[in-house]
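Visitor: The lines below spell out each chain.
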Amino acid sequence: MAEVPVDPLRIIGRFGPHLSSMTGMRLSTSVEPERLVKTHCCFCGQQCGIQLKVRDNQVIGFEPWEDFPFNRGMLCPKGVKRYLQGSHPDRLTTALRRDSSAEAGFSPIAYEQAIARVAAEISRIQTACGSGAVGVLGGASLTTEKTYLLGKFARVCLKTPFIDYNGRLCMVSAGAANKKAFGIDRTTNPWSDMVGTDVIWIAGSNVAECSPITTNYIWQARELGAKIIIQDPRITPAARTCDLYLPVKPGRDAALFAGVLQIMIERDWLDHAFIAEHTSGFEQVAEYCRQWTLARTADVTGVPQRAISQAAEWWGTARTSFLFHARGIEHHSNGVQNSLGTINLVLASGRIGKPKSGYGTIVGQANGQGGREHGQKCDQLPGWRDISNPEHRRYIAGVWGIDERELPGPGVDAYEMFRKIDAGEIKGLISICFNPKVSLPDNTFVTRCLEKLEFYAAIDFFLNDTAWHADIVLPGSLHEEDEGTVTQVEGRIIKINKAVECPGDAREDWRIIQDIAKALGRPSGFTFTEPREIFEELRIASKGGVADYSGVTYEKVTRQLGVFWPCYSEDPRTGESVEDHPGTPRLFEPGSYNPVAKGNGRFYFPDGRARFNVAEYRPPVDDASDEYPIYLTTGRVVSQFLSGTQTRRIGPLVRQYAEPRIEMHPRLAAKLGIADGDWTTAETRRGTITLRAQVVTTIRPDTIFIPYHWAGRKSANQLTVAAQDPISKIPQYKVCGCRVGKADAPPEYAAVLEPQQ
Amino acid sequence: MAKPDYLHFFIDPNRCIGCQACVQACTECDTHRGESMIHLEYVNRQESVQTVPVVCMHCEQPTCAEVCPADAIKRTGDGVVQSARKPRCIACGNCVVACPFGVPELYEDRKIMMKCDMCYDRSSVGKKPMCATVCPSQALFFGTREQIAQLRPLSAPVNTFQFGNQTITTQVHVMVPRQIAARAPILDVVSAMDEQPRNRAVTLKVVADSDPYAGVEV
Chain L
1 MAEVPVDPLR IIGRFGPHLS SMTGMRLSTS VEPERLVKTH CCFCGQQCGI QLKVRDNQVI
61 GFEPWEDFPF NRGMLCPKGV KRYLQGSHPD RLTTALRRDS SAEAGFSPIA YEQAIARVAA
121 EISRIQTACG SGAVGVLGGA SLTTEKTYLL GKFARVCLKT PFIDYNGRLC MVSAGAANKK
181 AFGIDRTTNP WSDMVGTDVI WIAGSNVAEC SPITTNYIWQ ARELGAKIII QDPRITPAAR
241 TCDLYLPVKP GRDAALFAGV LQIMIERDWL DHAFIAEHTS GFEQVAEYCR QWTLARTADV
301 TGVPQRAISQ AAEWWGTART SFLFHARGIE HHSNGVQNSL GTINLVLASG RIGKPKSGYG
361 TIVGQANGQG GREHGQKCDQ LPGWRDISNP EHRRYIAGVW GIDERELPGP GVDAYEMFRK
421 IDAGEIKGLI SICFNPKVSL PDNTFVTRCL EKLEFYAAID FFLNDTAWHA DIVLPGSLHE
481 EDEGTVTQVE GRIIKINKAV ECPGDAREDW RIIQDIAKAL GRPSGFTFTE PREIFEELRI
541 ASKGGVADYS GVTYEKVTRQ LGVFWPCYSE DPRTGESVED HPGTPRLFEP GSYNPVAKGN
601 GRFYFPDGRA RFNVAEYRPP VDDASDEYPI YLTTGRVVSQ FLSGTQTRRI GPLVRQYAEP
661 RIEMHPRLAA KLGIADGDWT TAETRRGTIT LRAQVVTTIR PDTIFIPYHW AGRKSANQLT
721 VAAQDPISKI PQYKVCGCRV GKADAPPEYA AVLEPQQ
Chain Z
1001 MAKPDYLHFF IDPNRCIGCQ ACVQACTECD THRGESMIHL EYVNRQESVQ TVPVVCMHCE
1061 QPTCAEVCPA DAIKRTGDGV VQSARKPRCI ACGNCVVACP FGVPELYEDR KIMMKCDMCY
1121 DRSSVGKKPM CATVCPSQAL FFGTREQIAQ LRPLSAPVNT FQFGNQTITT QVHVMVPRQI
1181 AARAPILDVV SAMDEQPRNR AVTLKVVADS DPYAGVEV
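Residue numbers (the numbering used here), protein chains in the order written: chain L, 1 to 757; chain Z, 1001 to 1218.
Be careful, since some hints might not be right.
[As the list claims (entries may be wrong)] Just a few of them, taken from the derived set where beta-carbon distance is under 8 Å, the chain Z residues facing chain L:
| hint | residue |
| --- | --- |
| 1 | Gly1018 |
| 2 | Cys1019 |
| 3 | Gln1020 |
| 4 | Gln1024 |
| 5 | Gln1046 |
| 6 | Glu1047 |
| 7 | Val1049 |
| 8 | Gln1050 |
| 9 | Val1134 |
| 10 | Val1216 |
[As the list claims (entries may be wrong)] Restricting the straight-line Cα-Cα distance to at most 30 Å, the calculated cross-link-like pairs of lysine-lysine (DSS-like) are:
| hint | chain 1 | residue 1 | chain 2 | residue 2 |
| --- | --- | --- | --- | --- |
| 11 | Z | Lys1127 | L | Lys556 |
| 12 | L | Lys518 | L | Lys452 |
| 13 | L | Lys179 | L | Lys598 |
| 14 | L | Lys598 | L | Lys356 |
| 15 | Z | Lys1127 | L | Lys498 |
| 16 | Z | Lys1127 | L | Lys38 |
| 17 | Z | Lys1127 | Z | Lys1086 |
| 18 | L | Lys420 | L | Lys179 |
| 19 | L | Lys543 | L | Lys598 |
Since the hints were made in silico from the structure, they are not lab data. Quick caveat: nothing in here was measured; it's all calculated off a predicted structure. Glycine included, each C-beta is placed from N, C-alpha and C at the ideal position.
Turn these sequences into a full structure, and let the hints steer you where they fit.
Guide: Right, here's the structure in full:
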């Protein structure tokens, strides 16, 4: 039974979240660091370069790293204060076992004993119920080395098909659309390319708060003449001064893209030569768009006709352009179609594969790109290979030294894994870098599933909210306590460097995974002694795949300040060995060669052509209705990150925006009799939440917004719907019907919990 | 050491995204760790997400120094106005009241006024101030006049401000849309305060100045 062992208040009392603050050496104006370690921020997918000040095995501050080309010293508040996650009072420095007789529900246990217990429970469950009765959940904030090892661990050591990761909540709609349209899943250009372009269209991305450094690139593009189009239900900080704001109703993005493409077709703002030579499928898309007249598009999307026409004209007549999208259009049960809709606009314009023209998805997590390429995704093997493809299976089985028949087939997405737990099919779980109790939709259901597990082991550096259900907690490593690589938003592989050693019994995550393999009596393939060795094997495993890292070395990454994949060790054209392949900063350039098209074209299909895909509009599941008349949408604030496991423990970040609020328009507030600051209850078919209202004119009057970084009764995901995209399986976080009213009384938590708890 | 005279500080509130990276980074400065010497304000959050970062403008004739009865506020030869000198400051708060830009703050617990000194420990050795280094939108920019001219063709730096009868020239420049700067090289702050505020800070260039949500039913 994996119920929470004691009253949550007692767990919070011991394990937090408590706030770190600047004390001791971190406050001193006279203590000098022993050294500066060049590394990157641990949070979002931008992966800004930063130098950590280190003294006495403690990170005591930071110094900007102005030579790193992506951010040149720039940082958001999370980057500035990231170092305060270290030496934290909540840091796990021993293994823990569930112990309902202990005050806080957990007791320290010797690390070796904890590992032995994990191995024994896995063996017991797998012997009784089969290999597939144990599942693994990973995360996209892990280094690529760890994600590779975790995928191998699930398939080779545990022999289970059931592994998936929290990128399922993040990048999968974009990834699936990229795969269908381009045959490769990566942003096409370095960010520096957008300075000098004519038009930048940002669809569903609050760049100023979720990827702040990107803002300077956009502003710089505007200084040189670019027009900025932003599509969002809220006037975000970047939308405030954009050139054209498209106030789209939540969940209507595919309709907007179809309507814009229809205008481009009617006005003949198309690149016919590009469409004929480099694409296929345009006719079917044009046929579908015919129904999206301007009037109907405006009616469905809530965007005024003039604004749609203007967007189509600017986009249609531009000479150069970029289109970026993020979770705003991807977090939908129609997320893949929405993403394909943007790609159709790009392909129809022919503006891709050029220095000032391209397309990109803005990744959310540190390793949102690398974490989706090397095998912790349920249907995937390293090198962006397909676990159902016999040839791919044979190659990876060969690298791993196993018979291809031993390699499990595809598993299921992370949410489906919880349904399998609910159904009793998955009985044991190992998780790392994933806090589904906060981050999955309809998390009351997720909690019920966690309670059904026979055995649950969590690897983490803080006791995250999901780990409250764990039988064993293994103390893992902070970002600054290990080394490895990640691949950031541009497709640039960068190096994370170790600044300090793990405290107490905590250790690097890859050691913990290997220790479990060893304790299970299956150490073969899990005897790496450092991350570099894992990376060397990953290079071989990725070789020949679309995400080919075989030409990447730690030295090259450090020397070049990043390497864009694909980076080959053998010339894909000749098969000859190349030592100095610099990587591929820009995809799909004229005359470029790739190993899939083999010279037939620029795109990663055998015929070398990009695919138009009919991007069909479908209304959201659980849409606003008479019963639940208001749209609920969710997202981030700049000072917090994901489920808040780290950022809700950093004092200065919590003080910047302490608790979630329900953002609503004054017209809606007036109708409901709610004033700014009032306790307000939002209710959906899944649950209720009571928070203070923030009344602002910067949101559609038919929509409320709640940021999702908080846990328990403050969690927005009590309300969200577990409807998923049929292709990508991404949940529909960005829209569902809700009703809102003034609360009768303050919520119970208000009297007992601190803001971050 | 002195701040090199070819390096200048420029503020462009138009770019500001309100992220507070500047304020958070200011608390990391080695001379005053844990305290921010700058702040960031919403202009009117109910109506707009517009924010303005407030750093010391480093006046050529600092009002704060002129009103200081203890002569505790000094301007260095390179034009940087420093925090109050500890032995002299009597924590009277005259400077806090007098500064037209609202910059100095009185620290009651320490009985001293402290304020932004353009990260003198950094700028005096040719480095950028912490806030301008980290600012993700580069609303805060530190560099040469040539750099700003090249990077910001749409706006022009202005450093003369009119407050009633007082004209103030500052070391720090504010970036103003180029046509406005050409028309009015001096920013009349007080008369700007009398202007009828627009009900929205967002000008939707296509949907005119109207409410972008005008057609939305609740």
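Visitor: Confirm or reject each hint.
Guide: Hints and how they fare:
The interface hint given for Z:Gly1018 is met, as the beta carbon of that residue sits about 6 Å from the closest beta carbon of chain L, less than 8 Å. Taking 8 Å as the C-beta contact cut-off toward chain L, the hint placing Z:Cys1019 at the interface holds, the least distance being around 5 Å. The interface hint given for Z:Gln1020 holds, since its Cβ lies 5 Å from the closest Cβ of chain L, which is under the 8 Å cut-off. At a threshold of 8 Å, the smallest CB-CB gap from Z:Gln1024 to chain L is about 4 Å, leaving the interface hint in force.
The beta carbon of Z:Gln1046 comes within 5 Å of a beta carbon in chain L, closer than 8 Å, and the hint placing it at the interface holds. Taking 8 Å as the C-beta contact cut-off toward chain L, the hint placing Z:Glu1047 at the interface holds, the least distance being around 5 Å. A least Cβ separation of about 5 Å between Z:Val1049 and chain L falls short of the 8 Å threshold, and the interface hint therefore holds. The criterion of a C-beta within 8 Å of any C-beta in chain L is met by Z:Gln1050, whose closest approach is roughly 6 Å, and the hint holds.
Given hint, Z:Val1134 at the interface with chain L, holds; its Cβ is 4 Å from that chain's nearest Cβ, closer than 8 Å. Here the hint on Z:Val1216 is kept, as its CB sits about 5 Å from the closest CB of chain L, short of 8 Å. Of the supplied pair hints, the one linking Z:Lys1127 and L:Lys556 holds, its CA atoms being roughly 29 Å apart against a limit of 30 Å. With a C-alpha separation of about 27 Å, the suggested pairing of L:Lys518 with L:Lys452 holds against the 30 Å cut-off.
A C-alpha spacing of about 17 Å is found between L:Lys179 and L:Lys598, which places the hinted pair at or below 30 Å, so the restraint holds. Of the supplied pair hints, the one linking L:Lys598 and L:Lys356 holds, its CA atoms being roughly 26 Å apart against a limit of 30 Å. For the proposed pair Z:Lys1127 and L:Lys498, the alpha carbon gap of about 26 Å is at most 30 Å, so the pair holds. Of the pairs offered as hints, the one joining Z:Lys1127 and L:Lys38 holds, with about 18 Å between alpha carbons and a cut-off of 30 Å not exceeded.
Pair hint Z:Lys1127 plus Z:Lys1086 holds up; C-alpha atoms about 26 Å apart against a cutoff of 30 Å. Our distance criterion of 30 Å between C-alpha atoms is met by L:Lys420 and L:Lys179, whose separation comes to about 27 Å. Among the hinted pairs, L:Lys543 with L:Lys598 is consistent with the structure: their alpha-carbon atoms are about 16 Å apart, no more than 30 Å.
When each numbered hint is compared with the structure, no violation occurs for any of them.
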